[in-house]
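*Asks:* What follows is each chain in one-letter form.
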Amino acid sequence: MAIFGFAWIFINPIIQMLVMGFIFQFFVPVKTANYFEFLFPGLLVWNFFSYTVLKNTPIFIGERALLKKANFPKETLVLSVVIVNLLNFLLALIVFVTFEWLVLSEVHWWRWWLLPGIMVWLTVLTTGLSLLFSSLNVKWRDVNYGVQALMPLWFYATPIVYSIDLLPKWAANFVYFNPMTAIVEILRWVVIGTPVGWVSIWVSLLSTLIIFVLGWIVFKNNSSYFDDWL
Amino acid sequence: MTGSKKNNEVHIQLAEVFKRYSPVVGSHLRNQKTRTVLSGVTLEINKGERVGLIGSNGAGKTTLLKVIAGISKISTGKLVVNGRVNSLMELGAGFYPDLTGRENILLNGMLAGASRKEVRRSMNDIIKYSGIEKFIDYPFYTYSAGMKLRLAFSVATHASPDILLFDEIVAMGDEKFIKTFKNYFNRVLKEKKTVIFATHVLTVLPLYCERVIWMDGGKVRMDGKASEVIAKYQKEMAKEIDRD
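Protein sequence lines correspond, in order, to chains A and B. Heads up, the first sequence is in my numbering, so the first residue is 1 and it goes up one at a time. Heads up, the second sequence is in my numbering, so the first residue is 1001 and it goes up one at a time.
FYI, nobody ran anything at the bench for these hints, they're computed from the structure. Values in this document were obtained by computation on a predicted structure and should not be read as measured data. Note that CB positions come from ideal geometry on N, CA and C, so glycine has one too. It cannot be assumed that every hint is accurate.
Claimed, not checked - So, partial list: chain A residues that the calculated Cβ filter (under 7 Å) puts toward chain B: (1) LYS69; (2) ASN71; (3) SER224; (4) TYR225.
To be verified - For lysine to aspartate or glutamate, the following DMTMM-like pairs were computed, each having C-alpha atoms within a straight-line distance of at most 20 Å: (5) B:LYS1047 with B:GLU1009; (6) A:LYS139 with A:ASP228; (7) A:LYS68 with A:ASP228; (8) B:LYS1232 with B:ASP1242; (9) B:LYS1232 with B:GLU1210; (10) A:LYS68 with B:GLU1049; (11) B:LYS1134 with B:GLU1103; (12) A:LYS68 with B:GLU1168; (13) B:LYS1192 with B:ASP1162; (14) B:LYS1073 with A:GLU63; (15) B:LYS1232 with B:ASP1216; (16) B:LYS1073 with A:GLU75; (17) B:LYS1078 with A:ASP228; (18) B:LYS1182 with B:GLU1049; (19) A:LYS31 with A:GLU106; (20) B:LYS1179 with B:GLU1133; (21) B:LYS1078 with B:GLU1016; (22) B:LYS1033 with A:GLU106; (23) A:LYS55 with B:ASP1098; (24) B:LYS1073 with A:ASP228; (25) A:LYS31 with A:ASP165; (26) B:LYS1235 with B:ASP1216; (27) B:LYS1073 with B:GLU1016; (28) B:LYS1047 with B:ASP1223.
What the hints assert, rightly or not - Derived DEER-like restraints, expressed as beta-carbon distance ranges: (29) B:THR1034 with A:VAL213: 25 to 35 Å; (30) B:GLY1077 with A:ILE14: 50 to 60 Å; (31) A:ILE14 with B:ARG1035: 48 to 58 Å; (32) A:PHE155 with B:VAL1024: 28 to 38 Å; (33) A:LYS169 with B:PRO1097: 49 to 59 Å; (34) B:SER1039 with A:ARG141: 25 to 35 Å; (35) A:ILE83 with B:LYS1117: 28 to 38 Å.
With the rest of the complex left out, here is chain A (with noise of 0.2 Å):
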C-alpha cells in the first residue's frame, strides 16, 4: 500500500524545486526576480521527458512476459507510459499556477493558450525518442545503459537551471540545436516572459519531426520481431 498514493505527484517536484532552487540560486547569476518561478516550469518539462525516456527504454524487457505470450498493439506499453507522466506533469504544472497566483507575481494567464500546443510538441518528441531507445534495446541492451548515461547529460545541455544568454557564443549555439530548449524556453516564456530563440523554435520543430519519424519507423520495423529477441 502507498498511504501518500496521490500526493507523490506534487510532493516530489516541490521537493525537488526547493533543494536545486536553493542550491543553484548562488551558483547562477540567472537576472531574475524569483529563481523558483525560473526554474520550475523548466523542470516540470525536463521531469517528464526525461522519466519518460528512461522507463520506456527497457520497457519490451520489462514486459516479455506478455509479449511472449500475447499478440496485441505493442505501442499501448509505450504510449501508456507517456500518458500516466503527461497526467502527472499537468498536474504539478496546475499546481504551479495556482502557486504562482497565490505567492508569486502575476500570471500571464493569455500565454497559457499555448500550452496545449507545448504539450502536444513535448509529447510527440518523447514518444518518439522512447519508440527509439525501447525497441532499439530489445537488440541492442546497451541502449539502456547509455540512455541512463546519456540523461545527465542532457540535462545540462538544455537551459533549465540557466538561462541561455548566460553562456559563451560556442556553448549557446551548441545549446540551440538540442531540441528541448525551445519547449523550456517557451513555457519560461509563458510563465515570467523571457525571450525565446527563433533558431531554436524551428530547429527543435524539425529535431522533433525526425525524431518521432525515425522512431516510428525503428519501432514499426523491429516489433514484429520482438518475441525473437526477448
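Fit chain B to the known structure of chain A by using the hints.
*Replies:* What follows is chain B alone, placed relative to chain A:
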C-alpha cells in the same frame, strides 16, 4: 492451395512455413548458428476443428502456436489466419499481481482483442464462470494457482474469439477445472470454434480432439485421427526410451 473450393471454411492455413532464430546479438557464445524451429510446416485447419498438438520438447509446438497467434513472425512461407485468435499460452501472462481480479479481467479482455465495452458487458458472466466471485475484488497476488487459472480461462473464453490456442494449460487444473474445460469444449463444438491445444497429457487428448498433429523436429510428422496418431506416437516414444 489456391482455389480450394472450401476456402472460406479454412480457418488456418500454413504453406512451407519456416521460422528461424538468428544468433543473439553481442553474445559471448561462439559458433552460434541460426536455429530453425519450424522447417517447412504445411497444414490446413478448418473452421470448427479441434486439433491436438503433440511432440517432444523442442519439436516446435509452442512456436507453431505463437506463429498462428501472431506473436511471432514467420521467416518464410505463407500463413493465413481468418478470424480473431486468442491464445492462452501460459497461465497469468498479462495478469498483474497488484491489480484486483476485476481490473485484471478488464485488462486481459482488452488484450484478447475485445473492446472495453464488450468486456464491461460480459464482466458478470466472466466472474460467475470463473467461480471466484468472493475474491474478485482482492489483488491477484492473493489468488491460488487454481484460482488464477480459472480466471484466466474464463477471460480467454469470453473474449469470443474464433480461434482458441491453448499451450499446456490442462495439466495445471484440478478435477473440477478439467470438468469445466470439458464442458467448454462441448460448447465450442456447437459454436463451431476452432481450437488447437498443445499438451503432453495424452490421455485427455482424445476426449477433446478428433484430430491430432504430431510435430517432430520442426516438421509435421503425422497428422490424422486422434487415436491413430497418439498410438503411433506412444509406440515411437517407448522405442526411444528403450534405446536410451
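*Asks:* Now tell me, hint by hint, if it's right for this structure.
*Replies:* Each hint, compared with the structure:
1. LYS69: 3 Å, holds
2. ASN71: Hint holds; ASN71 of chain A Cβ to chain B Cβ min 4 Å, cut 7 Å.
3. SER224: Nearest chain B Cβ about 4 Å off; hint holds.
4. TYR225: 6 Å, holds
5. B:LYS1047 with B:GLU1009: Roughly 5 Å between the alpha carbons, so the hint for LYS1047 of chain B and GLU1009 of chain B holds.
6. A:LYS139 with A:ASP228: Holds, because 9 Å separates the two Cα atoms, which is no more than 20 Å.
7. A:LYS68 with A:ASP228: Given pair LYS68 of chain A, ASP228 of chain A holds - Cα atoms ~9 Å apart, limit 20 Å.
8. B:LYS1232 with B:ASP1242: 15 Å, holds
9. B:LYS1232 with B:GLU1210: 15 Å, holds
10. A:LYS68 with B:GLU1049: 25 Å, violated
11. B:LYS1134 with B:GLU1103: 15 Å, holds
12. A:LYS68 with B:GLU1168: Roughly 15 Å separates the two Cα atoms, so the pair holds.
13. B:LYS1192 with B:ASP1162: Roughly 8 Å separates the two Cα atoms, so the pair holds.
14. B:LYS1073 with A:GLU63: 18 Å, holds
15. B:LYS1232 with B:ASP1216: Holds: LYS1232 of chain B and ASP1216 of chain B sit about 13 Å apart, inside 20 Å.
16. B:LYS1073 with A:GLU75: 17 Å, holds
17. B:LYS1078 with A:ASP228: At roughly 19 Å apart (the allowed maximum being 20 Å), ASP228 of chain A and LYS1078 of chain B satisfy the hint.
18. B:LYS1182 with B:GLU1049: Given that 20 Å is the threshold and the Cα spacing comes to 15 Å, the pair holds.
19. A:LYS31 with A:GLU106: 18 Å, holds
20. B:LYS1179 with B:GLU1133: 19 Å, holds
21. B:LYS1078 with B:GLU1016: Holds. LYS1078 of chain B to GLU1016 of chain B sits at ~7 Å (cutoff 20 Å).
22. B:LYS1033 with A:GLU106: Since the Cα atoms of LYS1033 of chain B and GLU106 of chain A sit roughly 68 Å apart, the hinted pair is violated (cutoff 20 Å).
23. A:LYS55 with B:ASP1098: 19 Å, holds
24. B:LYS1073 with A:ASP228: The hint holds at about 9 Å.
25. A:LYS31 with A:ASP165: 10 Å, holds
26. B:LYS1235 with B:ASP1216: 14 Å, holds
27. B:LYS1073 with B:GLU1016: This hinted pair holds, its Cα atoms lying about 14 Å apart.
28. B:LYS1047 with B:ASP1223: The hint holds at about 17 Å.
29. B:THR1034 with A:VAL213: 25 to 35 Å: About 32 Å separates the Cβ atoms of THR1034 of chain B and VAL213 of chain A, which means 25 to 35 Å holds.
30. B:GLY1077 with A:ILE14: 50 to 60 Å: Check passed, 58 Å falls within 50 to 60 Å.
31. A:ILE14 with B:ARG1035: 48 to 58 Å: 53 Å, holds
32. A:PHE155 with B:VAL1024: 28 to 38 Å: Holds: the Cβ-Cβ distance is about 34 Å, inside 28 to 38 Å.
33. A:LYS169 with B:PRO1097: 49 to 59 Å: 55 Å, holds
34. B:SER1039 with A:ARG141: 25 to 35 Å: 29 Å, holds
35. A:ILE83 with B:LYS1117: 28 to 38 Å: 20 Å, violated
Checked against the numbered hints listed earlier, the structure breaks hints 10, 22 and 35; every other hint is satisfied.
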